[in-house]
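All chains, full assembly: derive it from the sequences and hints.
2 protein chains.
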Amino acid sequence: MNQRIVVIGANAAGAKAASKAKRSNPEAEVVLIDRGTFISYGACGIPYYVSDAVPRIKELMSTMAGVVRDSDFFRKVKGVTVRTNTEVTSIDRAAKSLELQDRVSGERSRLSYHRLVLATGSAPVVPKLPGVTLKGIATVKTLEDAELLRSHALPGAAACILGAGLIGLETAEALCQKGMRVTLLELKEQVLPGVLDPELAVKVERQLTRAGVEVRTGCRVTGFTGQEQVEKVMVDGAELPADLVILATGVVPNVELARAAGLEIGSTGALAVDAGMYTSDPDILACGDCCQTTHRVTGKGVFLPMGSTANKQGRVAGINAVGGEARFGGVNGTSIVRVFELTAGKTGLTEAEALAHGFSVETVLSPAPDKAHFFPGAKPILLKLVAEQGTGKLLGLQAVGEGEVAKRLDAAALAIGLGATVEQLAQADLAYAPPYSAAMDNLIVAADIMKNKLVGIARGFAPQEVKRKLDQGEQFILLDVRSPAEFQEVGIEGATLVPLGALRDRLSELPRDQEIIAFCKISLRGYEAQQILNGAGFTKAGFLDGGILAWPYELRGPLGS
Amino acid sequence: MNQRIVVIGANAAGAKAASKAKRSNPEAEVVLIDRGTFISYGACGIPYYVSDAVPRIKELMSTMAGVVRDSDFFRKVKGVTVRTNTEVTSIDRAAKSLELQDRVSGERSRLSYHRLVLATGSAPVVPKLPGVTLKGIATVKTLEDAELLRSHALPGAAACILGAGLIGLETAEALCQKGMRVTLLELKEQVLPGVLDPELAVKVERQLTRAGVEVRTGCRVTGFTGQEQVEKVMVDGAELPADLVILATGVVPNVELARAAGLEIGSTGALAVDAGMYTSDPDILACGDCCQTTHRVTGKGVFLPMGSTANKQGRVAGINAVGGEARFGGVNGTSIVRVFELTAGKTGLTEAEALAHGFSVETVLSPAPDKAHFFPGAKPILLKLVAEQGTGKLLGLQAVGEGEVAKRLDAAALAIGLGATVEQLAQADLAYAPPYSAAMDNLIVAADIMKNKLVGIARGFAPQEVKRKLDQGEQFILLDVRSPAEFQEVGIEGATLVPLGALRDRLSELPRDQEIIAFCKISLRGYEAQQILNGAGFTKAGFLDGGILAWPYELRGPLGS
Ligand SMILES: Cc1cc2nc3c(=O)[nH]c(=O)nc-3n(C[C@H](O)[C@H](O)[C@H](O)COP(=O)(O)OP(=O)(O)OC[C@H]3O[C@@H](n4cnc5c(N)ncnc54)[C@H](O)[C@@H]3O)c2cc1C
Ligand SMILES: Cc1cc2nc3c(=O)[nH]c(=O)nc-3n(C[C@H](O)[C@H](O)[C@H](O)COP(=O)(O)OP(=O)(O)OC[C@H]3O[C@@H](n4cnc5c(N)ncnc54)[C@H](O)[C@@H]3O)c2cc1C
Ligand SMILES: CC(C)(COP(=O)(O)OP(=O)(O)OC[C@H]1O[C@@H](n2cnc3c(N)ncnc32)[C@H](O)[C@@H]1OP(=O)(O)O)[C@@H](O)C(=O)NCCC(=O)NCCS
Ligand SMILES: CC(C)(COP(=O)(O)OP(=O)(O)OC[C@H]1O[C@@H](n2cnc3c(N)ncnc32)[C@H](O)[C@@H]1OP(=O)(O)O)[C@@H](O)C(=O)NCCC(=O)NCCS
Ligand SMILES: [Ca+2]
Ligand SMILES: [Ca+2]
Chain R
1 MNQRIVVIGA NAAGAKAASK AKRSNPEAEV VLIDRGTFIS YGACGIPYYV
51 SDAVPRIKEL MSTMAGVVRD SDFFRKVKGV TVRTNTEVTS IDRAAKSLEL
101 QDRVSGERSR LSYHRLVLAT GSAPVVPKLP GVTLKGIATV KTLEDAELLR
151 SHALPGAAAC ILGAGLIGLE TAEALCQKGM RVTLLELKEQ VLPGVLDPEL
201 AVKVERQLTR AGVEVRTGCR VTGFTGQEQV EKVMVDGAEL PADLVILATG
251 VVPNVELARA AGLEIGSTGA LAVDAGMYTS DPDILACGDC CQTTHRVTGK
301 GVFLPMGSTA NKQGRVAGIN AVGGEARFGG VNGTSIVRVF ELTAGKTGLT
351 EAEALAHGFS VETVLSPAPD KAHFFPGAKP ILLKLVAEQG TGKLLGLQAV
401 GEGEVAKRLD AAALAIGLGA TVEQLAQADL AYAPPYSAAM DNLIVAADIM
451 KNKLVGIARG FAPQEVKRKL DQGEQFILLD VRSPAEFQEV GIEGATLVPL
501 GALRDRLSEL PRDQEIIAFC KISLRGYEAQ QILNGAGFTK AGFLDGGILA
551 WPYELRGPLG S
Chain A
1 MNQRIVVIGA NAAGAKAASK AKRSNPEAEV VLIDRGTFIS YGACGIPYYV
51 SDAVPRIKEL MSTMAGVVRD SDFFRKVKGV TVRTNTEVTS IDRAAKSLEL
101 QDRVSGERSR LSYHRLVLAT GSAPVVPKLP GVTLKGIATV KTLEDAELLR
151 SHALPGAAAC ILGAGLIGLE TAEALCQKGM RVTLLELKEQ VLPGVLDPEL
201 AVKVERQLTR AGVEVRTGCR VTGFTGQEQV EKVMVDGAEL PADLVILATG
251 VVPNVELARA AGLEIGSTGA LAVDAGMYTS DPDILACGDC CQTTHRVTGK
301 GVFLPMGSTA NKQGRVAGIN AVGGEARFGG VNGTSIVRVF ELTAGKTGLT
351 EAEALAHGFS VETVLSPAPD KAHFFPGAKP ILLKLVAEQG TGKLLGLQAV
401 GEGEVAKRLD AAALAIGLGA TVEQLAQADL AYAPPYSAAM DNLIVAADIM
451 KNKLVGIARG FAPQEVKRKL DQGEQFILLD VRSPAEFQEV GIEGATLVPL
501 GALRDRLSEL PRDQEIIAFC KISLRGYEAQ QILNGAGFTK AGFLDGGILA
551 WPYELRGPLG S
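So the sequences go chain by chain: R and A.
The first sequence: position 412 = 412 (full-length UniProt numbering), numbered continuously.
The second sequence: position 94 = 94 (full-length UniProt numbering), numbered continuously.
Be aware that a few hints might be false.
Note that the list lumps identical chains together, so a pair holds whenever it fits in one copy or between two copies.
Unchecked claim - As a list, the in silico DSS-like pairs of lysine-lysine whose alpha-carbon atoms are at most 25 Å apart:
#	residue 1	residue 2
1	232	379
2	58	178
3	467	232
4	467	188
5	393	135
To be clear, the hints were calculated from the coordinates, so they are not data collected in a lab.
Predicted, not measured: the structure shown is a model, and the values here were computed from it.
The structure is reproduced here in structure tokens:
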């Protein structure tokens, strides 16, 4: 008899594993099982279906050629047998057989396997709060959720979203675009915790506010009230009206089946697998959201459920399930999200993460146009680069802006994934023409600034540090080296103006014994001021990282807000 | 006395070297000399000034903050002394002094140096053809050229551009946008020779034609006629009317000064420098367009004059000129160009280049949407990946399309620059969300196809090969596995339709002893057909690389052209 490969879970990871297993060994019988009705759909597209950007739900389940990926498709095209509405209720590893239950008829049956692939995915966290089972409280995960959201997204109605992570933000945008009054509630003190350091998250929070989303960070939801249907969300004592509540506080891996079968669970609570996607049972592989994976920068196990990863892992599991030899090389923790006009994302570690992992870090804030600054349509992006002191190893890049952010993240993803140093990033031969970047791309500039910092040529002060100095009334000179016209328009309260072009002539006005922190719009001139001051024998000069454009606090002047 | 650093040439490389030298050693006297009037300008922006996209020429010479980078600016801000309209006419290496001539007064003088930096750049090739000195025949290099072009770019007038390289194409776009009737004349049989392999260049040629540019490849210009002003261009016997002629047939490095001083010239005719940007004289460095550099993939010397490279090299030369220790790591030969709606570019080697360098290559053509295919605004891009057989080392990526091409080039530039393999590219943790890519980014897909080819799972046929088979009437089956509806719309003449979904049931219709080359819109289904056929024991099955979307020849049907 031919070998039978059974795959549990027929979404990104499982459908990929099954398809690839069959391609890799056409003799094998491949069975793909899912307890749901819909399979092989782009969950990532749900927010865009909710917002009407994607007009028909079928598009989330169709191939590029417009064919719906249903059971028939998998049978005819991929040679894979699909069983939907079928739950696997237990795994008998000794007998190498599964217990199944038909979700429609309730009927139970058994199915044996030679090799088993677990692709059971993840489930949204549903907080155990009073009233959480009321109608109108939804998660964003399945196509059923998508239909519910779209039907509840009524203009003028109030939506409360719990969680300002990737899915919370995408959903906020979608509901806002449908005309809802959207409130975003986040326990942490910032939006996109885990993705951005706080000073970058501020940019995203401002964008949300500008777009009409009410953002409440550092706030705890304690419950929900209403008759059958949710009416109010209880937040820190107050009550917020809500016609629709979205739970977007993260997902947990579906590991019950694996756990019950005695498979090893990793430190993160997700399934432990090796680089070949093997679980602790050599006949059982796993892939996608149900798995723990390895972070390439830290070498540690992480639970970072992403559709990109699910597909790559599914391919590896599919190959290995039929005896091949593929390996999955870990992740950078890359993520990206569109938030109205902004794009935000990261690859590698944030500063907070790097510190938590014990790295001694140096950081750079570099805001600059995404194209040649003279090119029409150039838009600002803010990069934050994190590197290791001593080795100069790249640890992470964060990027936020209206301009071309994804490009810089992907290039950095390659660099970080390959273990590159800052010097290697600075040497990258990136594609330059005015419609695409400056002659020195934002990444090259960020790398150069980092090199300057690592060798002590550039002495940057983080905005947080400068703000603390200002708030505590420390003795120092905050030196604005922009032009008088720029100074007029917008500035930082407490700064002294000496335009860069006049600095060499006006050095006598500045005290040599005090800390001088220079800045401009982006701190390029701020850095040059530091160099001029150093050259003139001032030893306590430095600059404000990222200047005005990266300043996460209030600004002075008519353009300040 | 303080050391004096003299930099010859005050554009990208020289201005960068001078600025960085002064920052690196504020004690040094830095003198920046140029024979021209304008310095430190973005030559790359000229086409966009000609087209009016950049309204004022000043913008090409201004900082991000809007300050014009003139002599005054360099003195006040950078601490650099600039002498414009001053030509260096000879270098006395023994005496470490220069002979200068004032271009306005004609006066000669001498200037001594401790360290000299040559940043003399490049000059457009002016072909020695009869009539080439007529008025209205221009190059595209300086701001003077820019003004001349803009003033001659009159709606309805005829322009002939010699050379379909990067600058020729950008100029064609600019003049077309100004309403000129533009003819592009190229000696080679394709546009963008050296940047794209022919089957990708076809896409660019079609775009040019669509936009109204008349493209003539494989044609030789033999001269120009007219009274004072050019009137006609003589091409292969015929005469083309021309009110404006643009010479865009490449640039040559300005090395006369260096050659006369006995400095070593490299194999490409540009100045030989080491990784520290030192010439053969330890007191003379060089950077930018006048230099030869090392190609990271081949390890060979190349002359690839780019603004991006000039800036990076200038920085290295500036540091080292004052005794620092920086190194320039070579180039990938990356380039990018906007051609109306299209973007085209490459990093690393083309197939033709790789073959010429003796690599045994494998190639992939992968056309796919640049975003999730269901996401509104997704646009196709065509990637061509080139890798080395055996090692799986990445050699090059070419990309053409309306969609986000630059991102894929930059990510590949990092990978290729770091010496990555196809497997490492396939493992990249790229930033995925539907507005930015598919779950498996185009690069990952291209890498997977390449892996399949390298191990012999995927058997691709280049379009050129299939075309040859068709033209020579070879016995083989060209199997279209798309849907009947797709088949109706557009196709390749001579193909047989068996939709992929029906293939498993209709295998008996196909001959087992003949070559079967399957294809679809992009050849994803073509590849799947090959797998199904292989699985059923057909040994001579393969697919057409890149399918319909990459087919560079005529198509059949109403959507064919
Ligand atoms: C709204 C939203 C937006 C997202 N956006 C992005 C994004 O922009 N980028 C990105 O990379 N990722 C994104 N993701 C994440 C991405 O969708 C997931 O990583 C991906 O779907 C994981 O695929 P999977 O197959 O591993 O798991 P899942 O998609 O969770 O599928 C698991 C399947 O297993 C089935 N199953 C589970 N247990 C059993 C059982 N016992 N028996 C039978 N069947 C079972 C389930 O029914 C389910 O169909 C997003 C997710 C959501 C919800
Ligand atoms: C239209 C156009 C578009 C371009 N587009 C791009 C692009 O998209 N991307 C890209 O990367 N590159 C592009 N480039 C190339 C880029 O502009 C050059 O690589 C860059 O300008 C090189 O800088 P450089 O300082 O080395 O040389 P140059 O710009 O050539 O400057 C050399 C300077 O040296 C001076 N000089 C020479 N000899 C002497 C002497 N004996 N005495 C005194 N002075 C002297 C000259 O007057 C000149 O100012 C483009 C170029 C052009 C013309
Ligand atoms: C689509 C899905 C069923 C996987 O099936 P699959 O057959 O492996 O994938 P595709 O249909 O895309 O085919 C890809 C195959 O074609 C190959 N291919 C793609 N383009 C090609 C081309 N132009 N030429 C040749 N081969 C090509 C790929 O290399 C791959 O083959 P391989 O895995 O053997 O290397 C699974 O990914 C899925 O369910 N996706 C939807 C859900 C999802 O991804 N969600 C997460 C994000 S929202
Ligand atoms: C501009 C030019 C004069 C170079 O001068 P420069 O002083 O080296 O360059 P900039 O003014 O951009 O300043 C860059 C410096 O600020 C630093 N910097 C940039 N942004 C910064 C920020 N946000 N914070 C701190 N430092 C910053 C850079 O690291 C660099 O310093 P370094 O070289 O010491 O590392 C030269 O590149 C030039 O003439 N350019 C125009 C022509 C051209 O590039 N043409 C080719 C393409 S069309
Ligand atoms: Ca708060
Ligand atoms: Ca021709």
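Earlier hints that do not hold, by number: 1, 3 and 5
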